[in-house]
Amino acid sequence: MPAPINTLKQKFKAGDTTFGCWLSFAETAPAEVIGTAGFDWLVIDAEHAANDIRSIRNQLMALQASPSSVVVRVPVGEPWIIKQVLDAGAQTILVPMVESEEQVRQMVRACTYPPHGIRGVGATATRASWFSDITDYTQTADEQISLIVQIENRAGLAALDDILTVDGIDCVFIGPADLAADMGYVDDLTHPDVRAAILDALRRIADAGKVPGILALADESIQAYLDGGARFVAVGIDVITLAQAARATAERWIKRRP
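The opening residue of the sequence shown carries number 1 in this note's numbering; numbering runs sequentially from there.
A portion of the hints provided could be inaccurate.
[What the hints assert, rightly or not] Here are the computed lysine-lysine pairs in the DSSO-like style, where the Cα-Cα straight-line distance is at most 27 Å:
| no. | residue 1 | residue 2 |
| --- | --- | --- |
| 1 | K9 | K83 |
| 2 | K13 | K83 |
| 3 | K83 | K11 |
Hints in this document: simulated from the structure, not taken from any laboratory.
Take the sequences, apply the hints, and build the full model.
Below is the structure:
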């Protein structure tokens, strides 16, 4: 039995535009709820959220029945954590703060079994192989793993053309908040210089045959980046969605208090 089909990777290859949501609660119940919402994909965030390998694994379990594909953003681009997340059953990895071609090549190797990579062979006792029920997992896993790298500063933008030459990455994701801060515009994600840099990066990513990705929460920004070629678009964050809905409900009814 081969490794499961990575439906998000298929959508990347088909040229589909997909929409997703960030999972920042680091808890299974909210993940399961958002998993029913209908997003194409969800990102379990281990960079800024309070996740560890156990909470990542538990959320992967909670989302097993969800139609949404699951991406895991690792806290840092280190082979040891990528290995653990893949063994926990993730098939799509997002690596933050990528700044060089060599760094990306190392991430590709970390996601790939020998002889072409350095991923440790031990999935037979893990969720990835469904505890050895997927008998051909090690032989077939590589073709179902999808790697997304995240550009978040001027160094990453400067290296973008070199990064785009690396085989083994499907999507290059722009992190607008860190990029804006690095450019000197903290919290000003729509500054003309930031917007221009992002749109230029999206164009270059698409021209190289990779999927351009972005996170944007405001409708105007989402549409601008879609028009600019983005095809992997995060349009929500679970914590913010809950906070905004709760505040709006409270405000609506507190004002009507007799």
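Hint by hint, here is what the structure shows:
Under the criterion of a C-alpha separation no larger than 27 Å, the hint pairing K9 with K83 is consistent with the structure, at around 19 Å. At most 27 Å may separate the alpha-carbon atoms for a hinted pair to count; K13 and K83 meet this at roughly 24 Å. In summary, the hint linking K83 to K11 is supported, as the alpha carbons are separated by about 24 Å, within the 27 Å threshold.
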